[in-house]
Structure formats: C-alpha cells, structure tokens
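Trainee: Sequence:
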Amino acid sequence: MGFESACCISSKTELEIAMNPPLYYSEWMQLFNQIKEYGQEDEKIIAVLERGKLEWTSGVADKIVNCTYEVIDFKLKYTTRLFQQELDHSRGEEAAIISSIINARYRFELLYRLCRLSIFPNEIKESLINVVSKYVGDSQDALLESAKHDRTGQLAYTIRHNGLLKKHMQAPAAAAHERIEQKESNANSFQSKRRVLY
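To convert a position in the sequence shown, counted from 1, into this note's numbering, add 1.
A portion of the hints provided could be inaccurate.
As the list claims (entries may be wrong) - Derived DSS-like pairs (lysine-lysine); straight-line CA-CA distance at most 25 Å:
id	residue 1	residue 2
1	Lys54	Lys37
2	Lys149	Lys78
3	Lys45	Lys64
4	Lys126	Lys45
5	Lys54	Lys76
6	Lys54	Lys64
7	Lys149	Lys126
8	Lys64	Lys78
9	Lys78	Lys126
10	Lys78	Lys45
11	Lys126	Lys64
12	Lys37	Lys64
13	Lys78	Lys37
14	Lys76	Lys126
Since the hints were derived computationally from the structure, they do not count as laboratory data.
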C-alpha cells in the first residue's frame, strides 16, 4: 500500500515538473510517454505540447514522428474502448448514446490538436490528421452499420445527426477518408490494427 502511494506521488510530481513547455527531445518524450498512461489529464498535456518548441533535425524528427504515431494508435484504441463501454451501458437510451458520442468526439478532437502541433511540418500534420480522420470515419461507418439492426430507424437518425466529428470537421475528414482509401495499397506509414464492432 505504501509502495503504491509512493508511486502515485512520484507520478504526480513528474507530471507537475513536465508542465513546462518542452524544448528538448527528452522533455518531449517524457510528455509523450505520460499521455500514453491511463488517467492523465490529456487536455492539459496537449496544451503544454502546443507551446513547446524543438529543433527539427532529421534524427530527432524521425523519433518524434514515430512516437506521435504510437501515441495516436494508443489513444485511438483507448477512445474506442471507452466509447464501447459507454455504448454498452447506454441500454439504447438516446440521451446516453448522444452523451457517449460527444465524449468520444471530444477525445478525437484532442488527437486532432496533437496532429497539428506547431513543431510538425505541414506534410507530417496532414499525414497524422489523415490517420485520425480515417479511423474516425471507419468508426462512424461501423456505428451506422450497427444501427441497421434497429428497425425503427431512430438509432441511425441519432448517429447521423450526432456524428463522431464536429460539423466543421466532417467535410475535411470525409475527404481525407477517401484519399487514404485510394492510397492504401502503397501507404507505408502508420497502420491501425484495431477492428471493433459496435
């Protein structure tokens, strides 16, 4: 019990120390590793990352980009798991389903902020955004597919009018979703292994 308490105190101390905007590779990695831990304040960490700076040299750039893909992979799967749990507990109630979608949408929006960090060149930002957009698009398609089992059509209506993306993101995400599908055969970057049926 004492050991667990000491670990918690240590973790909090590290998080508080890391709340300064990162300037060096080691500081960036510390924050990326923390955001992959459960129970972290993702929005606060991402806000700190948004204020960070980094000298974009080739060796450091490759490591940071690879680590960012790992974080995104982890967070997408984590968001899906939480979303699935919330849907399972909704018992088909419209308000609970909408609440689940809004929560997932918020978590996806945080990932979009991560993709748009100022240290990334535009082509990296676009690649990261495409990864998240394709995942969200696939998730929305899976939701609509599952809604076909509802003969009343109410579930499909609810999902269409309360999508996993904010309204202003829907068109760009759809375009990215389409581009990724066209390029999928020769894509050599991040590939998500997740396949969850809602």
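Trainee: Now tell me if each hint is right for this structure.
Mentor: Going through the hints against the structure:
The straight-line distance between the Cα atoms of Lys54 and Lys37 is roughly 20 Å, inside the 25 Å bound, and the hint therefore holds. Of the supplied pair hints, the one linking Lys149 and Lys78 holds, its CA atoms being roughly 24 Å apart against a limit of 25 Å. A C-alpha spacing of about 23 Å is found between Lys45 and Lys64, which places the hinted pair at or below 25 Å, so the restraint holds. For the suggested pair Lys126 and Lys45, the alpha carbons sit about 20 Å apart, so the restraint of at most 25 Å is met.
Of the pairs offered as hints, the one joining Lys54 and Lys76 holds, with about 23 Å between alpha carbons and a cut-off of 25 Å not exceeded. This hinted pair checks out: Lys54 and Lys64 have alpha carbons roughly 15 Å apart, not beyond 25 Å. For the proposed pair Lys149 and Lys126, the alpha carbon gap of about 35 Å is over 25 Å, so the pair is violated. The suggested pairing of Lys64 with Lys78 holds, with an alpha-carbon distance near 21 Å, which does not exceed 25 Å.
With a C-alpha separation of about 20 Å, the suggested pair Lys78 and Lys126 falls inside the 25 Å cut-off, and the hint holds. The straight-line distance between the Cα atoms of Lys78 and Lys45 is roughly 20 Å, inside the 25 Å bound, and the hint therefore holds. Proposed proximity of Lys126 and Lys64 is supported: the alpha carbons are some 15 Å apart, at most 25 Å. Using a Cα cut-off of 25 Å, the hinted pair Lys37 and Lys64 holds, with the two alpha carbons roughly 16 Å apart.
A distance of roughly 11 Å separates the Cα atoms of Lys78 and Lys37; the hinted pair therefore holds under the 25 Å criterion. Restraint check: the Cα-Cα separation between Lys76 and Lys126 comes to about 17 Å, which is no more than 25 Å; the hinted pair holds.
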